[in-house]
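> Next come the chains, spelled out residue by residue.
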Amino acid sequence: MNQTLKTYALFALVAVLIVGTGLLQSWNTALVILNMGLVSAVMALGVNLQWGIAGLFNVGVMGFVALGGLAVVLTSVAPVPEAWAAGGPRALFALVLGAAIIAVSALVWKKTRMGWAMALLLIAGFILYRWVRDDAVNAIEAVNPAVTGFLGGLGLPVVLAWPVGGLLAAGAAWVIGKTALGLRSDYLAIATLGISEIVIAVLKNEEWLSRGVKNVNGLPRPMPYETDLQADTDFVTSAAHWGLDPATASTLYVKIGYSLMFAVVLVVLLVLAQLALKSPWGRMMRAIRDNETAARAMGKDVTFRHLQVFVLGSAICGIAGAMMTTLDGQLVPTTYQPLRYTFLIWVMVIVGGSGNNLGAILGGMLIWFFWVQVEPLGQAVMQVATSGMSDGSWLKDHLLGSVQHMRLLTMGVILLLVLRFSPRGLLPER
Amino acid sequence: MDFLNAIVALANFVLIPAMTYGSQLALGALGVTMIYGILRFSNFAHGDTMAFGTMVTILVTWLLQSWGVSLGPLPTALLAVPFGIAGTAALVLFTDRAVYRFYRGQKAKPIIFVMVSIGVMFIYNGLTRFVLGTDDIRFADGERFIISAGDFKRATGLSEGLGLKTTEVLTVVTAVIVVVALFRFLNHTRTGKSMRAYSDNEDLALLSGISPERVVVVTWIIVAGLITIAGVLYGLDKSYKPFTYFQLLLPIFAAAIVGGLGNPLGAIAGGFVIAFSEVGITYAWKKVLGYLLPDALAPDSLVQLLATEYKFAVSFMILVIVLLFKPTGLFKGKSV
Numbered sequence: 013m014n015q016t017l018k019t020y021a022l023f024a025l026v027a028v029l030i031v032g033t034g035l036l037q038s039w040n041t042a043l044v045i046l047n048m049g050l051v052s053a054v055m056a057l058g059v060n061l062q063w064g065i066a067g068l069f070n071v072g073v074m075g076f077v078a079l080g081g082l083a084v085v086l087t088s089v090a091p092v093p094e095a096w097a098a099g100g101p102r103a104l105f106a107l108v109l110g111a112a113i114i115a116v117s118a119l120v121w122k123k124t125r126m127g128w129a130m131a132l133l134l135i136a137g138f139i140l141y142r143w144v145r146d147d148a149v150n151a152i153e154a155v156n157p158a159v160t161g162f163l164g165g166l167g168l169p170v171v172l173a174w175p176v177g178g179l180l181a182a183g184a185a186w187v188i189g190k191t192a193l194g195l196r197s198d199y200l201a202i203a204t205l206g207i208s209e210i211v212i213a214v215l216k217n218e219e220w221l222s223r224g225v226k227n228v229n230g231l232p233r234p235m236p237y238e239t240d241l242q243a244d245t246d247f248v249t250s251a252a253h254w255g256l257d258p259a260t261a262s263t264l265y266v267k268i269g270y271s272l273m274f275a276v277v278l279v280v281l282l283v284l285a286q287l288a289l290k291s292p293w294g295r296m297m298r299a300i301r302d303n304e305t306a307a308r309a310m311g312k313d314v315t316f317r318h319l320q321v322f323v324l325g326s327a328i329c330g331i332a333g334a335m336m337t338t339l340d341g342q343l344v345p346t347t348y349q350p351l352r353y354t355f356l357i358w359v360m361v362i363v364g365g366s367g368n369n370l371g372a373i374l375g376g377m378l379i380w381f382f383w384v385q386v387e388p389l390g391q392a393v394m395q396v397a398t399s400g401m402s403d404g405s406w407l408k409d410h411l412l413g414s415v416q417h418m419r420l421l422t423m424g425v426i427l428l429l430v431l432r433f434s435p436r437g438l439l440p441e442r
Numbered sequence: 005m006d007f008l009n010a011i012v013a014l015a016n017f018v019l020i021p022a023m024t025y026g027s028q029l030a031l032g033a034l035g036v037t038m039i040y041g042i043l044r045f046s047n048f049a050h051g052d053t054m055a056f057g058t059m060v061t062i063l064v065t066w067l068l069q070s071w072g073v074s075l076g077p078l079p080t081a082l083l084a085v086p087f088g089i090a091g092t093a094a095l096v097l098f099t100d101r102a103v104y105r106f107y108r109g110q111k112a113k114p115i116i117f118v119m120v121s122i123g124v125m126f127i128y129n130g131l132t133r134f135v136l137g138t139d140d141i142r143f144a145d146g147e148r149f150i151i152s153a154g155d156f157k158r159a160t161g162l163s164e165g166l167g168l169k170t171t172e173v174l175t176v177v178t179a180v181i182v183v184v185a186l187f188r189f190l191n192h193t194r195t196g197k198s199m200r201a202y203s204d205n206e207d208l209a210l211l212s213g214i215s216p217e218r219v220v221v222v223t224w225i226i227v228a229g230l231i232t233i234a235g236v237l238y239g240l241d242k243s244y245k246p247f248t249y250f251q252l253l254l255p256i257f258a259a260a261i262v263g264g265l266g267n268p269l270g271a272i273a274g275g276f277v278i279a280f281s282e283v284g285i286t287y288a289w290k291k292v293l294g295y296l297l298p299d300a301l302a303p304d305s306l307v308q309l310l311a312t313e314y315k316f317a318v319s320f321m322i323l324v325i326v327l328l329f330k331p332t333g334l335f336k337g338k339s340v
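Going down the list, the protein sequences come from chains P and V.
Residue numbering for the first sequence is 13 to 442, as defined by our numbering.
Residue numbering for the second sequence is 5 to 340, as defined by our numbering.
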């Protein structure tokens with residue numbers, strides 16, 4: 013079967029799976045899967061840019077996704093004037109100061125190569141930074157801690173948070189890339205793994221910034237609320253025209269709205285990624301991936317190109333993270349788990365076909381579908397498997413209660429099978 | 005000025021916990037470094053292998069406890085450790101057969117191995133969670149303290165107490181025994197020497213008739229032993245929770261890299277460097293400084309450099325510093 017046909021067939025399969033869910037389970041479930049599938053596809057696109065096209069092994073996807081989530085809070089939440097008055101400028105000044113200290117130390121090291129001078133500067137700088145920061149942060153966190161206790165955001169439209177999330181992730185990626193790129197490939201992996209844990213630690217602890225584990229709920233939405241729609245007589249009459257009751261119609265309307273917005277972002281990014289891949293730039297990146305030494309000999313600046321593509325890929329993950337938090341309507345730092353937000357995305361890219369943008373998108377949608385559906389499926393299988401056991405036996409209860417962990421096992425098996433028997437994925441690179 | 009109290013407080017809150025944690029990390033890092041030296045990849049499934057070994061040990065411990073077997077003041081889990089090691093060895097050997105061997109035959113790139121190990125990680129993760137769930141499990145029994153803080157205060161009359169947990173002494177003693185045994189094995193036995201030869205120069209080792217598959221099998225068995233012991237000690241000292249074990253991957257890797265990947269001595273040093281910095285930087289120094297400094301200078305704040313939740317940041321920063329200034333680690337490690 014030629015590849016174009018295969019591409020159509022596999023995307024048709026995804027469509028059938030989602031429509032099938034709509035027909036058999038409910039349209040709401042189908043749309044939930046579709047929306048998160050679209051977001052996952054964007055993440056997979058970002059990882060594919062780094063791994064598939066440039067051969068960079070980034071296992072810190074979760075960190076960039078979480079930064080996207082933070083961007084939603086910082087952009088769209090209304091500012092808290094009391095907190096700003098209590099210590100906003102001073103806290104921001106502390107941040108700038110901290111960055112300046114690190115920059116100056118790095119400069120000192122570059123110019124003089126005196127380790128002790130840099131160490132002294134860093135220690136003195138850290139004390140200064142804490143002295144400036146602590147009072148401001150305590151003041152901010154003391155302002156009405158049950159409801160706010162943080163600075164809030166800029167109060168801008170929430171859709172603006174998506175590019176902001178991309179920028180935030182790009183900034184973080186630049187810092188990581190500057191330090192860790194150029195080292196061995198598995199060092200980059202460990203460095204990115206570490207950074208992603210640190211980002212989550214910052215989200216959990218810096219309450220003045222993100223409210224920490226108190227979460228930020230009720231984020232502004234780009235779509236109207238369902239209850240408002242149900243109160244709108246025009247909407248109710250047009251729903252009745254379609255033969256739907258207002259409650260179902262409103263939830264479907266909101267979800268379809270999200271789907272369309274996400275689809276637009278995905279298509280735009282896909283077009284850009286395809287253009288990049290087919291351009292001289294894309295050929296250069298693949299040449300670097302396949303043979304670094306040869307590319308260097310041709311006069312390509314490999315380290316710079318790696319940094320460039322690392323920043324771009326991470327920015328896409330940041331955009332996806334912002335979209336996801338917008339969809340959820342809340343920022344909950346404790347929900348970020350590396351298995352779900354880093355390694356699952358990797359499974360998507362590998363299964364879909366690394367190096368092929370369409371493959372990454374296919375992998376994102378398909379694996380997400382299975383990630384969601386393995387649980388009810390596993391439940392059913394386990395029901396059958398345990399049907400012979402007597403009711404109330406501890407083994408049966410345990411097996412039925414642990415079904416949710418089957419999805420990790422399934423993902424591992426899928427990844428290993430694909431790596432072994434079809435290492436180029438469902439849609440191989442052309 | 006009160007030196008004695010300061011020293012006791014320092015020992016109680018920093019030195020003893022860091023010593024214990026360092027021993028646990030060192031055992032874990034030894035496993036990482038051996039896999040890296042012999043099999044030449046970074047094993048991302050390491051944390052979950054550790055969880056698996058601990059899980060088997062916990063199951064056997066429960067069985068022993070239900071039979072009424074106990075070790076008196078020592079935790080029953082010690083009796084179960086050999087079973088844990090056997091179970092883990094069986095699992096990793098099976099994994100090697102079913103998964104890794106194929107890629108060895110292909111001479112796949114290290115990064116492919118890393119990816120495969122991520123797949124293995126998912127499977128182990130699912131296995132451990134499937135059997136024991138995701139909750140915290142404490143399985144330490146026997147005597148909790150060798151010296152409790154209250155007894156210490158009464159005996160010495162100091163205002164600071166020094167608590168010494170059984171598990172802490174047990175950890176350090178076990179770690180010393182295991183490390184000595186491992187080094188004797190590597191330096192003085194035929195198999196150990198062939199492993200070092202294989203690690204140093206694969207082609208020469210093959211030429212001199214060393215069987216690569218045998219080296220690999222022995223390596224996996226040793227790693228299973230190290231990692232199970234590390235996991236059980238950590239679990240006895242703190243508690244068993246699959247996600248915590250997964251997260252230990254980061255400090256363990258940091259320890260192995262800081263010491264120099266592929267260098268066993270480095271892994272031990274790295275473990276202690278990471279542990280002492282983690283505990284030292286996240287500890288609130290107010291108490292110790294309060295004893296040491298005159299009243300006028302005593303600090304008001306907690307003098308905690310970073311909040312406890314940032315402990316990953318500490319191991320990571322040390323890692324970055326070492327990588328930037330000494331890419332092969334403190335002790336000379338490999339760079340492939």
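Hints are computed from structural coordinates only; laboratory data are not their basis.
Each hint should be verified, as a subset may be incorrect.
If you want the ones that stay clear, here's a sample from chain P, every Cβ over 12 Å from chain V, calculated [said to hold, decoys possible]: (1) Thr16; (2) Phe23; (3) Ala213; (4) Ala306; (5) Lys312; (6) Ala392; (7) Asp403; (8) His410.
In silico lysine to any residue, SDA-like type, Cα no more than 20 Å apart, as pairs [unchecked claim]: (9) Lys113/V <-> Thr124/P; (10) Lys111/V <-> Pro435/P; (11) Lys330/V <-> Thr124/P; (12) Lys111/V <-> Phe433/P; (13) Lys330/V <-> Thr191/P; (14) Lys290/V <-> Thr191/P.
Predicted model only: the values in this text are computed from it and were never measured.
From the three backbone atoms N, C-alpha and C, an ideal C-beta is built for every residue, glycine too.
> Confirm or reject each hint.
Cross-check of the supplied hints:
Separation of Thr16/P from chain V is adequate, the least Cβ-Cβ distance of about 28 Å exceeding the 12 Å criterion. Separation of Phe23/P from chain V is adequate, the least Cβ-Cβ distance of about 25 Å exceeding the 12 Å criterion. Look at Ala213/P: its CB is around 5 Å from the nearest CB on chain V, not clear of 12 Å, so calling it non-interface is violated. For Ala306/P, the condition that its CB be more than 12 Å from all CB atoms of chain V holds, with the nearest at approximately 16 Å.
The Cβ of Lys312/P sits about 21 Å from the closest Cβ of chain V, beyond the 12 Å cut-off, so the non-interface label holds. Every C-beta of chain V lies more than 12 Å from that of Ala392/P, the closest at about 17 Å, which supports listing it as non-interface. For Asp403/P, the non-interface assignment is confirmed: its Cβ lies about 21 Å from the closest Cβ of chain V, beyond the 12 Å cut-off. With a minimum CB-CB distance of about 9 Å to chain V, His410/P fails to clear the 12 Å threshold, and the non-interface call is violated.
Pair hint Lys113/V plus Thr124/P does not hold up; C-alpha atoms about 39 Å apart against a cutoff of 20 Å. As the CA atoms of Lys111/V and Pro435/P are separated by approximately 15 Å, the hinted pair is consistent with the 20 Å bound. The hinted pair formed by Lys330/V and Thr124/P meets the criterion: a straight-line CA distance of about 18 Å does not exceed 20 Å. For the given pair, Lys111/V sits about 16 Å from Phe433/P by alpha-carbon distance, which is consistent with the 20 Å threshold.
For the given pair, Lys330/V sits about 13 Å from Thr191/P by alpha-carbon distance, which is consistent with the 20 Å threshold. For the hint pairing Lys290/V with Thr191/P, the CA-to-CA distance comes to about 34 Å; that exceeds 20 Å, so the pair is violated.
Against the hints set out earlier in the document, violations occur for numbers 3, 8, 9, 14.
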